[in-house]
Amino acid sequence: MDLLKKIKKSDLKGRGGANFNVSKKWNLVINAEGKDKYLIINGAEGEPGVKKDEYIIKNYTKELIAGIELISNYIKAKECIIFLNHDYKKYSKKIKSYINNDNIVIAYKPESAGYIAGEETTMLNILEKKRCEPRSKPPFPCESGYKKSPTLIHNIETIYNIYLLSVDKYKENRFYTINGKVKNPGVYCLPANYTIARILEETNNLPVFKFFVQHGGQASGEIINSSQLKRQASGCASITIYSYKDTNHLDLIKRLVNFYFNSSCGKCTPCREGTYRLKQMLSSEKMNWPHFLELIDNLENSSFCALGSSLAIPVKSYLKNINSEFKLNL
Amino acid sequence: MNGFYIKINNKKILAKKDDSILELARKNKINIPSLCYHPDLPVKGNCGLCLVEIKGFKKLARACSVKAVPGLEIKTNTAKVIKSRNLNLELLYAEHANKCSTCINSIDCQLLKLVRKYKINVTDFPKRKTERKTYKFANAVEIDGSQCIDCRSCIDACQLLSGINYLQLKGRGIKQEIVPQTKRDKLSGLAAQKQGFTCIYCGQCALHCPVGAAQEQEQISDLELLLKNKVKDEILVAQIAPSVRVSIGEEFGLEPGTLVTGKLVTALKKLGFDAVIDVNFGADTTTIVEAQELIDRIQNKKPLPLLTSCCPAWVRYVEYYQPELIKYLTSSRSPQMHTAGLIKTYFAKRNNISADKIKIVSIMPCTAKKYEATRAEMRYKGKNLIDIVLTTRETAFLIAKNKIRFNSLKDSKMNNILSEHSGAGAIYGTSGGVMESAIRTALHILENKKLPKINFTECRGMEGIKEASIKIKNIKLNIAIINGLANFQKIADHINKYDYIEVMTCPGGCIGGGGQPIPTNSDIRIARMKALYSIDSKKKLRKAHENKYALKAIHYLESQKLDKKLLHTRYINRKK
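Sequence lines, in order, name chains A and H.
In case it helps, our numbering puts the first sequence at residues 1 to 330.
In case it helps, our numbering puts the second sequence at residues 1001 to 1576.
In case anyone wonders, no lab produced these hints; they're calculated from the structure.
For each residue, glycine too, the CB sits at the ideal point set by N, CA and C.
Among the hints, a few may not be true.
Straight-line Cα separation of at most 20 Å, EDC-like style, residue types lysine to aspartate or glutamate; simulated pairs [to be verified]:
id	chain 1	residue 1	chain 2	residue 2
1	A	Lys137	H	Glu1073
2	A	Lys137	H	Asp1018
3	A	Lys137	H	Asp1019
FRET-style restraints, in silico, Cβ to Cβ [what the hints assert, rightly or not]:
id	chain 1	residue 1	chain 2	residue 2	range
4	A	Gly34	H	Pro1126	43 to 53 Å
5	A	Pro139	H	Asp1411	27 to 37 Å
6	A	Thr247	H	Gln1489	54 to 64 Å
Covered by chain A, per the in silico footprint, the following chain H stretches (three or more residues, Cβ under 8 Å) [said to hold, decoys possible]:
id	stretch
7	1055-1067
8	1169-1177
9	1257-1263
10	1400-1412
The whole structure should be built from the sequences, with the hints applied where relevant.
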């Protein structure tokens, strides 16, 4: 069967966090006007607590490169760029040993670029040596991306899955990064429809102490309590366990806000100014929570890019699921 | 593709594919605020004020970035929109150090207008940029980092309108800052290909700054000092540029293009000026001198094309960036300098005033004119001819500050030997005006008789590059007009195919100058331009050399052997 037909039949979703339908993306790129087409493989993996792309790069290098070549041939890509987290330079020799085509190159995310560099239009700006910040969408990269040409951008895990589909070995699994206060941290490949509870059980990581969970990344992931584990892990499918007792709850909020403040590229007001004011509020003597939440809502509603908006997910879910459960006085 | 309807606040609005929602709303009198959006520049989406709700979407959208598609339903005034927009406005205001009471831009300040309009609580957040540095560019323009709201329009204006690329954004997050380029900065990629290393003082950054962070270096306090210390026999003279009379009314709520010469004269007299002189007069003398040079260069096979030099930002560009072009620049001084030279000599003599007792204040649409007035090459008897140069904005601020009710002023006439002018002098303020004026005169002289043709409409309009071949009997002149300096690069490598090129740094020419009222856009510039052509068409005198007073003044300077000193100048290769 034709590769695109296989992808369509499998209903494969992107594994970069946004869950976009892969076959739809392919059609957009294939049908877009433009002589040159590009494939960019996003291995920026800037979300703290997520290590699954690294795991694939390390353990399935051959499959990854084979996937890239397949896609490159299918969309007739002029160039394929593997965009990697700077920490993954150590795998470059191994990756290169599998590359047989001149049109596949590796580029590294600058160390200073941070979280935002994984956002696809920011990544394009970095590759084009422009300022490290997101572009307006539209135009979407599928129509006008790298060098203003139609560009297919996939996460490392998505590419790996496309490879598996091509050899009829795809089993609707996904890679879960489990960390935090657990016995068996690591990256696990398990069915995509498993609940968080089942994943923790099967990996023998279900805590015996009072705990709560952040899933989908330690920056942008939702925070839930131990009675809410009957759901699937979101985003990049990481699962982080926090001990209720050993966690300084205000520090958790501070860590989140600081991370976003330090990551803000400076382009838009709600993120640049908002995260700065949030940080200030947290260090003031008397915390004004309603005002704090107004800024969080504003970030969610009016941030230029999806990364800025995502601070609201952990903060609001923490306050709803954990704080209201335990009536903490932050 | 045919038009279709979209809905904004339940109102059906006819749209075309890819129309900007912000523009569509504004055209339909639905107000959507913005600070970073500017019709002269690409969409940025930074400020977060033009928020709207799109049916079917949870997150708010930016109207500047949303394009019309069939079926689109937009709301601009929901509780969610208002809450976010007001909060973003509050956050922006907290970036902007409060200097409103002395700020020239307070008349035009879009931030102040919005904060008042939406009744923003401005005390919630302490100001965060009060320690930021101010960068001063000669005596012309400055960028005060403590007032910047990070909209970045100045960078785009510098790069895309003037083609200089002198301003850059340094740092990230809250540390980002607009800074001037220094040669030492290491750049990569596109930026390295062409990076400005000096400011040309055009002031397009100031004109496109919504909050007055980029601004002219004010000289109002200098003028107030001059007025305060004025002694009895001192004569304070104001000279007003061609384009100010059709723009300054906007600062008092009048429609763009309203001609207010008479009111401006009255206002200046009320402020304490003893005489008001018309730079249109100097425009006529400039035309006569420049047309003669054009003829001389054509007839004697001297270097062509002749390049205009009345735009000081352009002159500075040539001296620093392309000094190989210096030999093409006309040696004629600009109308500002011609008029000032005549005031200190001809006017002084005719009125029996000692030149030392005359103080000259220029009222200009331009920030670079401040710099031109202090150029060493422009000095006369070792001194600057002009004491102070005020922009249109500064002049309006001064009038408002002195509680002069501009709109109800009666008209006054200038009534002196340096106020008669031709229509050609009036159109100096618009792109193509210098060219048209010079052609009217040059062709007349070359044909050695009265030329029936007056209007050279090929010179007119708002295109970035205007080219024409003007044929009259045996003469063929290939001309080009560069409207906005960034456009010069497009002809820079083949300028020798032209005989005469006019370059104005600012889009629209002086009517779009860096010292003109804010806001600006193409409709406003066109209205000002039309007003200038209407002065011209109503004049009996249409050609500069028909202005007998101008000829007389030039003859006077020639008879005193002052023509070389006061009508001409020289240029210096300043590229290092």
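Evaluated hints:
For the suggested pair A:Lys137 and H:Glu1073, the alpha carbons sit about 19 Å apart, so the restraint of at most 20 Å is met. Between A:Lys137 and H:Asp1018 the alpha-carbon distance is near 13 Å, which keeps this suggested pair within the 20 Å criterion. A threshold of 20 Å between alpha carbons decides the hint, and for A:Lys137 with H:Asp1019 the separation of about 15 Å falls inside it, so the pair holds. Against the hinted window of 43 to 53 Å, the Cβ-Cβ separation of A:Gly34 and H:Pro1126 comes to about 49 Å, which satisfies the hint.
Between A:Pro139 and H:Asp1411 the Cβ separation comes to about 54 Å, which falls outside the hinted range of 27 to 37 Å. Between A:Thr247 and H:Gln1489 the CB atoms are about 59 Å apart, so this pair conforms to the stated range of 54 to 64 Å. Evaluation of the coverage hint for the stretch 1055-1067 of chain H: fulfilled, as 5 residues show C-beta separations to chain A shorter than 8 Å, against a requirement of three. Requiring three or more residues with a Cβ within less than 8 Å of a Cβ of chain A, the coverage given for the stretch 1169-1177 of chain H holds, as 7 such residues are present.
For the stretch 1257-1263 of chain H, the proposed coverage by chain A is not satisfied: 0 residues have a C-beta within less than 8 Å of a C-beta in that chain, short of the threshold of three. Requiring three or more residues with a Cβ within less than 8 Å of a Cβ of chain A, the coverage given for the stretch 1400-1412 of chain H is violated, as only 0 such residues are present.
Violated hints, in rising order: 5, 9 and 10; the structure is consistent with all others.
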